[in-house]
Amino acid sequence: MPFQKKGPPTLAQLQPGEQGRVRAVSGRGAMTVRLLEMGFVPGVEVRVIKRAPLGDPFELRLRGYHVSLRRSEAERVVLAEAEARG
Amino acid sequence: MKALRVAVAGNPNVGKTSLFNLLTGSRYKVGNYPGVTVETREGGLRVEGRAVEGVRLVDLPGTYSLTPMAEDEAVAFRALTGADVEAPELVLLVLDATNLGRNLYLALQIFELGLPVVVVLNMVDLAKDAGVGVDARALEAALGLPVVETVARTGEGVPELAARLKSMAGQLELMEQRLVPAPEGGVLARCLADMGGDGPRQRWLLAGRAADRLELAAPSEAERQRVDGLDEEAVREAMAELVGARYAEVDRLLEGLGLGADAAESRDANVAPAMATSEKVDAVLTHRVFGPLIFVAVMALVFQSIFSWADPFMGVIEGGVGWLSEAARSILGPGLFTDLVTEGVIAGVGNVVVFVPQIALLFLFIGLLEDSGYMARAAFIVDRLMARVGLNGKAFVPLLSGYACAIPAIMSTRTIASFKDRVVAILMIPFVSCSARLPVYTLIIGTLFVADERVFGPFTQGGLILLAMYGLSTVSALVLGAVYKRTLLKSPTPPLVLELPPYRLPRIRDTLRHVWDRTLDFLRDAGTIILAVTIVLWGLLTFPRVDPSELSEGETAIERSVAGTVGKAMEPALEPIGQDWRIGVALIGSFAAREVLVSTLGLVYDIEGADEDDAPLRDAMREAKDPETGEPRYSPLSGLALMVFFVYACQCMSTLAVVRRETGGWKWPIFMLVSMTVIAYVAALIVYQGGQLLGFG
Ligand SMILES: Nc1nc2c(ncn2[C@@H]2O[C@H](COP(=O)(O)OP(=O)(O)OP(=O)(O)O)[C@@H](O)[C@H]2O)c(=O)[nH]1
Numbered sequence: 001m002p003f004q005k006k007g008p009p010t011l012a013q014l015q016p017g018e019q020g021r022v023r024a025v026s027g028r029g030a031m032t033v034r035l036l037e038m039g040f041v042p043g044v045e046v047r048v049i050k051r052a053p054l055g056d057p058f059e060l061r062l063r064g065y066h067v068s069l070r071r072s073e074a075e076r077v078v079l080a081e082a083e084a085r086g
Numbered sequence: 001m002k003a004l005r006v007a008v009a010g011n012p013n014v015g016k017t018s019l020f021n022l023l024t025g026s027r028y029k030v031g032n033y034p035g036v037t038v039e040t041r042e043g044g045l046r047v048e049g050r051a052v053e054g055v056r057l058v059d060l061p062g063t064y065s066l067t068p069m070a071e072d073e074a075v076a077f078r079a080l081t082g083a084d085v086e087a088p089e090l091v092l093l094v095l096d097a098t099n100l101g102r103n104l105y106l107a108l109q110i111f112e113l114g115l116p117v118v119v120v121l122n123m124v125d126l127a128k129d130a131g132v133g134v135d136a137r138a139l140e141a142a143l144g145l146p147v148v149e150t151v152a153r154t155g156e157g158v159p160e161l162a163a164r165l166k167s168m169a170g171q172l173e174l175m176e177q178r179l180v181p182a183p184e185g186g187v188l189a190r191c192l193a194d195m196g197g198d199g200p201r202q203r204w205l206l207a208g209r210a211a212d213r214l215e216l217a218a219p220s221e222a223e224r225q226r227v228d229g230l231d232e233e234a235v236r237e238a239m240a241e242l243v244g245a246r247y248a249e250v251d252r253l254l255e256g257l258g259l260g261a262d263a264a265e266s267r268d269a270n271v272a273p274a275m276a277t278s279e280k281v282d283a284v285l286t287h288r289v290f291g292p293l294i295f296v297a298v299m300a301l302v303f304q305s306i307f308s309w310a311d312p313f314m315g316v317i318e319g320g321v322g323w324l325s326e327a328a329r330s331i332l333g334p335g336l337f338t339d340l341v342t343e344g345v346i347a348g349v350g351n352v353v354v355f356v357p358q359i360a361l362l363f364l365f366i367g368l369l370e371d372s373g374y375m376a377r378a379a380f381i382v383d384r385l386m387a388r389v390g391l392n393g394k395a396f397v398p399l400l401s402g403y404a405c406a407i408p409a410i411m412s413t414r415t416i417a418s419f420k421d422r423v424v425a426i427l428m429i430p431f432v433s434c435s436a437r438l439p440v441y442t443l444i445i446g447t448l449f450v451a452d453e454r455v456f457g458p459f460t461q462g463g464l465i466l467l468a469m470y471g472l473s474t475v476s477a478l479v480l481g482a483v484y485k486r487t488l489l490k491s492p493t494p495p496l497v498l499e500l501p502p503y504r505l506p507r508i509r510d511t512l513r514h515v516w517d518r519t520l521d522f523l524r525d526a527g528t529i530i531l532a533v534t535i536v537l538w539g540l541l542t543f544p545r546v547d548p549s550e551l552s553e554g555e556t557a558i559e560r561s562v563a564g565t566v567g568k569a570m571e572p573a574l575e576p577i578g579q580d581w582r583i584g585v586a587l588i589g590s591f592a593a594r595e596v597l598v599s600t601l602g603l604v605y606d607i608e609g610a611d612e613d614d615a616p617l618r619d620a621m622r623e624a625k626d627p628e629t630g631e632p633r634y635s636p637l638s639g640l641a642l643m644v645f646f647v648y649a650c651q652c653m654s655t656l657a658v659v660r661r662e663t664g665g666w667k668w669p670i671f672m673l674v675s676m677t678v679i680a681y682v683a684a685l686i687v688y689q690g691g692q693l694l695g696f697g
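So the sequences go chain by chain: A and B.
Numbering-wise (full-length UniProt numbering), the first sequence opens with residue 1 and increments by one.
Numbering-wise (full-length UniProt numbering), the second sequence opens with residue 1 and increments by one.
One thing to keep in mind: the hints can contain errors.
To give an idea of the chain B side of the interface with chain A (calculated C-beta under 7 Å), a few residues [claimed, not checked]:
1. T67
2. R384
3. R388
4. G446
Don't read these hints as lab results, they were simulated from the structure.
Values in this document were obtained by computation on a predicted structure and should not be read as measured data.
Here a beta-carbon is modelled for each residue, glycine too, at the ideal position from N, C-alpha and C.
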């Protein structure tokens, strides 16, 4: 990649099939609270299942259920490790 | 004795409605929560087909948490917390046994309220199949609350549940509020202390502040000051801590049930157990290539059903109305009263009932798509496109339906959670060219253009003009929607955060029941307005009455009516867009429904039973001359201007009646009528005047 994004890795950078551990949800307001309450709490494992045919949103799996998030929403979910695991 | 009021609460899609229907024997009233059109159902408990005195159930909208994001969740929040209605005496908390990992979060929030709770563990059949069977007794012990297992699809466990509820009437005690403790020495504990101590109230206020939804908790002045006094960063951290503490408690409970992370690890950690089959289905249904293809096929099916399958039924209704009019005419004999009955009342009832096939078919399909789980996938697939307008994927089906008819389309916007976004969709729908505009386009194209002339390749003049009208209406709807979303109804693009539930077999009975509810709702509420306006329009086109002998050569009775007078008075305004008073009268008549333009023009030109393919009406219009200049009255350019007017104008009282119903007042229908008419006029003006400047017409 020519441009490596600065800052901590987020869910939006994972490829389908990859998995990461949530460190925090950044930002403020209703969206942040909703993401937390849907289970994106620190320590939880999230896997990217696939992207929608048009590239966005993402289908994710966490806590035994599937949810879809847009890229802009997935960017708020900060992951613990730099490198994603497959 | 006061009835025991039981609120049925839970996450979306856990089977609440199925259970509610079983417990009430499907005998219930659909209520609308004051101010918003979020449905709640209320009905009495029935055991083995007999009513149980003193127990009433309310089915609340599904919610993921008690920090509501949209109107439907706010209704659940307000009903449970007793914000502006009395809180229920008992909560029937429905959990999806296949998904306790998320369902228990809401459960913990509900336990904080301190209301007595009966826990229903639903979908135990699916949980067993997926190998995540839950030991109900262990859950009961862990929660210290009664737990009943059910399968709402088949009714298993429901008699036990009903008996339990029956036995509880009259002997309830409030349980203590169970707060998941705030971690010691953390930010949460500090914030709560600053707010005067820990309690459910303080927790909502904190969540309300964090989510910018403080008003939902209806804080007192003192409370507001305390909450506002908290530091922004501290609120953020405290909220994360609070949610984290609850989820830690959920994990502890799951561990105790043998369903913890370790157990998940030892199974195939790559599959959510309840989703095993669904993931395979999704490999096709949301596939990069097949996904969109199947999506288009499904949407085409839905559209086809309301666009053409409804047709025979509508034909039967129209035939029935015609027959009824004839019968009334022959029984009553000719006269003013007969005209009122046939052209006012019977035609008005016909105007209402004619929508029923489309409404029923659309809601049947939507119900099946929702309950099976496909609707969430459809939203997943088109979300990217809808996000450009500022809406989420769920707005797609209502907009598509608009091409058939705005009435069912507007009714189906209830799937859109946020009220502002619903209004955006509602305002967009009437711009989409519905099927009632087709007869108008057909008449004008057939009369003023050489419809069959080849332009290039297989394309004819008529076909291309029609295509242009559909293109114009589609682009306009999308552009205006985007504009409304960014100005008048400004709100952030709704988050998607959309659950993709496992595929399930819908319960047809419940779906049909829903179709029935919505149809009745339309007949009762919008129907009365449509009937009344039909009668008023009939009056405008009929009075004052003139004796045929008084009419001068070429004059028709309609010319002397109120509508005729108004049409003539409007002529100065119509001339700049290339129309005359006759079109003005027809515009008034077509307010009943756009296609009525054709028959009203027939009355103006004194042609019996005109329809759009009729040669006599076309000839009369082609031959009509301007009395002053002797030029033909209508040119292709004035025809084009009239078509463009119809693309934009809200010439449909039924649309307005439904908008009133769905937005709960006259504000939006009036805005819609005025704005659409202004836009239509300006657009027609640009076409006609611009065309003349360029030397056409
Ligand atoms: N196999 C199985 N399916 C069920 C069970 N309970 C409900 N379903 C199905 O699950 C789907 C959702 O059920 P609903 O009753 O609409 O759920 P709800 O909680 O009212 O959903 P919302 O109103 O959208 O919040 C339907 O297709 C039901 O037929 C069950 O116990 N077992």
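Can you list which hints this structure breaks, lowest number first? Structure breaks hints 3, 4.
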